[in-house]
Every structure is written in structure tokens, then in C-alpha cells.
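Residue-level listing of the chains:
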Amino acid sequence: MGAQDPNLDKKLYYWRVQQKKPRPPVIRNTLLAFTVGGLICVLGQAVLAFFQSLGMTAKEAAGPTASVMVFLGAFFTGLGWYDELGKFAGAGSVVPITGFANSIVSPAIEFKREGFVLGLGARMFSVAGPVLVYGTVTAVVVGIIYWLTKL
Amino acid sequence: MEYLLAFLVGGAICAVGQLLMDLTPLTPAHVLVLFVSLGAFLSGLGIYEKLVKIGGAGATIPLTGFGYSLVSGVFEEIDAKGAVGILSGVFKNTSMGIAAAIFFGFLMALFFNPKE
Chain A
1 MGAQDPNLDK
11 KLYYWRVQQK
21 KPRPPVIRNT
31 LLAFTVGGLI
41 CVLGQAVLAF
51 FQSLGMTAKE
61 AAGPTASVMV
71 FLGAFFTGLG
81 WYDELGKFAG
91 AGSVVPITGF
101 ANSIVSPAIE
111 FKREGFVLGL
121 GARMFSVAGP
131 VLVYGTVTAV
141 VVGIIYWLTK
151 L
Chain B
1001 MEYLLAFLVG
1011 GAICAVGQLL
1021 MDLTPLTPAH
1031 VLVLFVSLGA
1041 FLSGLGIYEK
1051 LVKIGGAGAT
1061 IPLTGFGYSL
1071 VSGVFEEIDA
1081 KGAVGILSGV
1091 FKNTSMGIAA
1101 AIFFGFLMAL
1111 FFNPKE
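As they're listed, the protein sequences go chains A and B.
Residue numbers 1 to 151, in the numbering used here, belong to the letters of the first sequence in order.
Residue numbers 1001 to 1116, in the numbering used here, belong to the letters of the second sequence in order.
Treat the hints as calculated values from the structure; they're not laboratory data.
Predicted, not measured: the structure shown is a model, and the values here were computed from it.
Among the hints, a few may not be true.
[To be verified] Lysine-lysine pairs mimicking DSSO-like chemistry, simulated, CA-CA at most 27 Å apart:
no.	chain 1	residue 1	chain 2	residue 2
1	B	1081	B	1050
2	B	1050	A	150
3	A	59	B	1050
4	B	1050	B	1092
5	A	150	B	1092
6	A	87	B	1115
7	A	150	B	1053
8	A	10	A	20
9	A	150	A	59
10	B	1092	B	1053
11	A	87	A	20
12	A	59	B	1053
13	A	21	A	10
14	A	21	A	87
15	A	112	B	1115
16	B	1081	A	59
17	B	1092	A	59
18	A	87	A	112
19	B	1092	B	1081
20	B	1081	A	150
21	A	11	A	21
Whenever a hint applies, use it, and build me the whole structure from the sequences.
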């Protein structure tokens, strides 16, 4: 047995791990994400229509709509319902702005015990922070290019 | 009709996010960062605006729409004030969402406690 390729065991092991590893049920997950994400957007459309019925344009109503959706995401995270939804909806609950609110409230509640400044205050942005950083950087770069093309 | 379009466009964006999470090593945090940047980039090319016209809230509620709001504010401010707008426009259309997220986030964390 001494002549055996020393890497063979590793390769075999890796192959067996790949075989045994549970594969995510991709089609089922994608359909669930599509349905739940789509329904959250339908709710958003209804909130948008409500603000438009008060006489706002679609553009003016966008901010208030985002705020209402953020409130709902934050509130249902507090109740513990949003994380239940996330267990089967996956990206359907993560990608909408309600999921952005969830990413803020969830660690804020979790780390409250570490104090109001370094726990709640700092951990609030563990996911929202990177989103703001990369969103802002991309927007500024796009803005610079737009400004240059206008010169 | 606009509700159906919101459902289809919003659902499709979320389905793309789910495929990225299942088929690549990207975590939900990575997907959110990718989507906000992608939304900002596509808005710069003028593509996302068309999607917003079709899908309404289906395009603005997913986080790609947050990227769109960032860039649309920057463009509006540049058109009005020139180079100053590159920075002053970033939070022009997003301030309500961000302020709401911070304030409501704080409030909820104050009132609710972690589940055991």
C-alpha cells in the first residue's frame, strides 16, 4: 500500500464529501423566493398607490413608501415573525427593503446585552454598513462619470 | 395590471438573489451589497429607470432599487448644481429610507428582546 498516491485519499475524501453534502433544493427555493419577494413588492405597490391617492406623484411617494416598508420589516423582525418567513423564503425576504430593515433590527436586538453604544448602536450596521459603503461608492463613481460626460 | 407587473419584476429580482445564494458561496450580506451596487451601476447606464417604469414597486422595493435611488439623486443634483451634486445627491432620495431604518431599528431593539 506504500506506493499509493498520497493525494488519492484526499481526493477520494473530497469527492465523497461532495457526494454526501446535501444539495439545496434549488428550484423549490427559487420559486419560494420569487413568490414571497413578489408578494412583498405587491404590498409595496399598494402602499405606493395609497400615497399617490393622497395627491403625491410616484417620485414623491417613493420615500414614504420605503419608510412604511422599513417600519413593517423592523416591526415583524421585533415580533420574531420575519425570521420565520426567512427560513423558507430565503432571498424573497432578504432582497426587498424589508430585509434591509431586518438586517438592522436583528443584530441590534441580539447585541443589546453588550450595551447601547458598542452593542445595539454598533452592531446595527453589521450588514447595513457594507450596503451603504458599496452603494455610496458606486453612486459617487457613477456620478463622476455622468458629470464628466456632461462637460 | 401594475400589481401583476410589480409581482413579476420583484419576484424575478428575488429569484436571481436566491440562485446566487444557492449556487455560489455568496451569503445574504454579499447578495445585498452586490444588488445595491448593481442597481446603482444599471441606473448609471439608464437601464434601471426602464425597469422602474415597467415594474413600479417591483423594481424600487428590492435593494437594487436602493441603488437606483442613490444614483437618481446624484444625477438630479448634478443637473441642478454641477460637480457639488456628485456628493450632495447621494442621500437626496434615500434619506427617508435610511433615517426610517435607523430610527425604527433603534425603537424595535429598545422594545423587543432576543428569543431564547
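Status of the hints after comparison with the structure:
With a C-alpha separation of about 25 Å, the suggested pair residue 1081 of chain B and residue 1050 of chain B falls inside the 27 Å cut-off, and the hint holds. For the given pair, residue 1050 of chain B sits about 21 Å from residue 150 of chain A by alpha-carbon distance, which is consistent with the 27 Å threshold. The hinted pair formed by residue 59 of chain A and residue 1050 of chain B meets the criterion: a straight-line CA distance of about 14 Å does not exceed 27 Å. The hinted pair formed by residue 1050 of chain B and residue 1092 of chain B meets the criterion: a straight-line CA distance of about 21 Å does not exceed 27 Å.
Between residue 150 of chain A and residue 1092 of chain B, the direct Cα distance comes to roughly 20 Å. Compliance with the 27 Å bound is thereby established for this hinted pair. Restraint check for residue 87 of chain A and residue 1115 of chain B: the C-alpha separation of about 15 Å stays at or below 27 Å, so the hint holds. Pair hint residue 150 of chain A plus residue 1053 of chain B holds up; C-alpha atoms about 24 Å apart against a cutoff of 27 Å. Distance check on the hinted pair: residue 10 of chain A and residue 20 of chain A sit about 15 Å apart at the alpha-carbon level, within 27 Å; holds.
Restraint check for residue 150 of chain A and residue 59 of chain A: the C-alpha separation of about 24 Å stays at or below 27 Å, so the hint holds. A threshold of 27 Å between alpha carbons decides the hint, and for residue 1092 of chain B with residue 1053 of chain B the separation of about 20 Å falls inside it, so the pair holds. The straight-line distance between the Cα atoms of residue 87 of chain A and residue 20 of chain A is roughly 23 Å, inside the 27 Å bound, and the hint therefore holds. About 11 Å separates the Cα atoms of residue 59 of chain A and residue 1053 of chain B, which keeps this hinted pair within 27 Å; it holds.
With a C-alpha separation of about 16 Å, the suggested pairing of residue 21 of chain A with residue 10 of chain A holds against the 27 Å cut-off. Taking the CA atoms of residue 21 of chain A and residue 87 of chain A, the gap is about 20 Å. The hint holds against a cut of 27 Å. About 12 Å separates the Cα atoms of residue 112 of chain A and residue 1115 of chain B, which keeps this hinted pair within 27 Å; it holds. Note on residue 1081 of chain B and residue 59 of chain A: the hinted pairing holds, with a Cα-Cα distance of about 20 Å set against a maximum of 27 Å.
For the proposed pair residue 1092 of chain B and residue 59 of chain A, the alpha carbon gap of about 12 Å is at most 27 Å, so the pair holds. Restraint check for residue 87 of chain A and residue 112 of chain A: the C-alpha separation of about 23 Å stays at or below 27 Å, so the hint holds. Restraint check for residue 1092 of chain B and residue 1081 of chain B: satisfied, since their Cα atoms lie roughly 13 Å apart, inside the 27 Å limit. With a C-alpha separation of about 12 Å, the suggested pair residue 1081 of chain B and residue 150 of chain A falls inside the 27 Å cut-off, and the hint holds.
For the hint linking residue 11 of chain A to residue 21 of chain A, the alpha-carbon distance of about 15 Å falls within 27 Å, and the restraint holds.
Consistency with the previously given hints is maintained throughout, with no hint failing.
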